[in-house]
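Visitor: One letter stands for each residue in the lines below.
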Amino acid sequence: MKGGLLRGRGLQIYTWLVIAWLVLPIAVMILFGFNDTKGRYNTAWQGFTLKWYGKLFEIGDLTQALVNSLLIALLTMVIAGVLGSMIGLALGRYRFRGSGAMNLVMFAAISCAEIVMGASLLSLFVTFAVPLGFWTILISHVMFSISFVAVTVRARVMTLDSSLEEAARDLGAGPWTTFRLVTLPMIFPGVLAGSLLAFALSIDDFVITNFNSGGTMTFPLWIWGATRVGLPPQVNVMGTLIFAAGVLIALVNGLIARRRANA
Amino acid sequence: MSRLRASLTPYLLLFPGGLWLAIFFVIPTVVMLSLSLQSGDVVNGYVFTFNWHSYVDGITTYHDQIVRSVVYGTISTVIQIVIGFPVAYWIAFKGGNRKSIYLFLLLLPFLVSFVLRTISWQFFLSDNGMLLGPLKSLGLVPEDFHILATSAAVIGGLAYNFLPFMILPIYVALERIDPRVLEAAQDLYASKTQIFLRIVLPLSLPGVFAGVLMTFVPATSDYVNASVLGGTGNTMIGNVIQNQFLINQDYPTASALSFTLMALLLVGIFVYAKALGTEDVLEVAAR
Chain A
9 MKGGLLRGRG LQIYTWLVIA WLVLPIAVMI LFGFNDTKGR YNTAWQGFTL
59 KWYGKLFEIG DLTQALVNSL LIALLTMVIA GVLGSMIGLA LGRYRFRGSG
109 AMNLVMFAAI SCAEIVMGAS LLSLFVTFAV PLGFWTILIS HVMFSISFVA
159 VTVRARVMTL DSSLEEAARD LGAGPWTTFR LVTLPMIFPG VLAGSLLAFA
209 LSIDDFVITN FNSGGTMTFP LWIWGATRVG LPPQVNVMGT LIFAAGVLIA
259 LVNGLIARRR ANA
Chain B
61 MSRLRASLTP YLLLFPGGLW LAIFFVIPTV VMLSLSLQSG DVVNGYVFTF
111 NWHSYVDGIT TYHDQIVRSV VYGTISTVIQ IVIGFPVAYW IAFKGGNRKS
161 IYLFLLLLPF LVSFVLRTIS WQFFLSDNGM LLGPLKSLGL VPEDFHILAT
211 SAAVIGGLAY NFLPFMILPI YVALERIDPR VLEAAQDLYA SKTQIFLRIV
261 LPLSLPGVFA GVLMTFVPAT SDYVNASVLG GTGNTMIGNV IQNQFLINQD
311 YPTASALSFT LMALLLVGIF VYAKALGTED VLEVAAR
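Residue numbers (my numbering), protein chains in the order written: chain A, 9 to 271; chain B, 61 to 347.
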């Protein structure tokens, strides 16, 4: 019994060590956003400062890259959110010929290596002489996000009771009214979770974007390009702010879910 | 009329998203296959000639990188199972009402860009950086000791970056185990080891399989870790594909290598699924 207790404690310490390992580079990133670095290399600690938060937007093309990233992520969230939710609803609610093929394509898209996806999409754009840039990045992000949204929404739809919709129809509601007042509110948590996932996938994507960006910069691409000459502290600050926003959204989301579960 | 509409509804719902996937995911794969069989160069253009040479040349020239990718991908995946399984186990069985907090902490890295996290490691592990700098000035490690530009750094980076994708599916599989099954085993005088080996481990295998699928594929095809942490001597097949596509613009070779990588990954997953011996494992993964 005592051995078991000890073993439990050991595993707990071990779990915390793994978590520490996972967050270590984040801590390094946040810390060096406060570094009072003098030269071009932000590598050695030279004292605490807040000045990089003040000079956050002083590097024009970095700011532009961040704006591009946010814009593309927002558009991806909306487009992939809508298209993916429609697929998820169809697959979760209806039995029909061809659903197996759709599931297979989505499984392939989720498990496909990013570099293969990025390279083959570039092959398409090169073959048809499509100019690379903002729009090709957006196309690629929607492409790889749709399946993730669809899977999330499908899981939600499958747990729902369709008798509520039948009841609404029996009470004289048309298909659109039923969808708007009954189906949509019920699947909305899934739609929201899927859309947020699409946003997160889009803003972080590097590999597929690298293949289809042409000269257009996103935040990860800019960082990649700057590694050889040294990263300015502004990158750390932007990373910190994105991280903080993500934590905040997750916490608010968790609180709402908890309140709803208690109510 | 209404019946017709009801039977059309799922297709109407599928159409826009399905079309997007068809044009930008399925067709590109076919285009790339055709590209890999063309010959020519970037100046004079390419023609389709059933030119298998791109495959032969690509594989013979970049043999080292292909082997290295598979080896690094495999080692990092095994490391992730070894590191991740106990974590998933502890959270699933001992996490109590704080499970969601632990899961949240495991997902924190995803709120920071993948590239930025990897560069953060480069920074932390650099020759006179936060880790080695103090150790060297204390004389604990020799002056020329380095971690970056070694295969260990690349494998470590791969294991780090994809670890949450390993832990989560294992956690989900373990969490689904009905505690009454474990109690029943205990009542029937099974030892702790027996319970683990004969109940917990087999029931966790679908999760391990999903985890391997989600980590082996990105780890094997990755080129960010090899570039940032591996220096020049540890390039993987992803680095080659990236260079051929984006810098040399040798599209046939690059496409042939992409296809080779895809085939390797598919074969790897298939063999692994067979070795595990359960068809339902694939079904679980597909769900």
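It should be emphasised that the hints constitute simulated quantities derived from the structure, not laboratory data.
Incorrect hints may appear among the rest.
Claimed, not checked - Here are the computed distance ranges between Cβ atoms for each label pair:
id, chain 1, residue 1, chain 2, residue 2, range
1, A, Ala-137, B, His-113, 24 to 30 angstroms
2, A, Ala-52, B, Ile-161, 31 to 37 angstroms
3, B, Asn-308, A, Gly-47, 33 to 39 angstroms
4, A, Ala-137, B, Leu-79, 37 to 43 angstroms
5, B, Asn-188, A, Leu-78, 33 to 39 angstroms
6, B, Leu-79, A, Leu-78, 25 to 31 angstroms
7, A, Gly-238, B, Val-90, 22 to 28 angstroms
Unchecked claim - Covered by chain B, according to a simulated footprint, are these stretches of chain A (three or more residues, beta-carbon under 8 angstroms):
id, stretch
8, 137-151
9, 209-222
No residue lacks a Cβ here, since even glycine has one placed at the ideal position from N, Cα and C.
Visitor: Each of the hints needs a verdict: does it hold here or not?
Guide: Hint by hint, here is what the structure shows:
Checked against the hint of 24 to 30 angstroms, the pair A:Ala-137 and B:His-113 passes, with Cβ atoms roughly 25 angstroms apart. The hint said 31 to 37 angstroms for the Cβ distance between A:Ala-52 and B:Ile-161, and at roughly 35 angstroms that hint holds. Taken as a hint, the range 33 to 39 angstroms holds for the pair B:Asn-308 and A:Gly-47, whose Cβ atoms sit roughly 34 angstroms apart. Between A:Ala-137 and B:Leu-79 the beta carbon distance is about 21 angstroms. The supplied range of 37 to 43 angstroms is therefore violated.
Judged by the Cβ atoms, the range 33 to 39 angstroms given for B:Asn-188 and A:Leu-78 holds: they are separated by roughly 36 angstroms. Hint check: B:Leu-79 to A:Leu-78, Cβ distance near 27 angstroms, so the stated range 25 to 31 angstroms holds. Our hint of 22 to 28 angstroms for A:Gly-238 and B:Val-90 is violated, since their Cβ atoms are close to 42 angstroms apart. For a cut-off of 8 angstroms, the count of residues in the stretch 137-151 of chain A with a CB near a CB of chain B stands at 4, and the three-residue condition holds.
Here the stretch 209-222 of chain A counts 6 residues with a CB under 8 angstroms from a CB of chain B, which clears the bar of 3, and the coverage holds.
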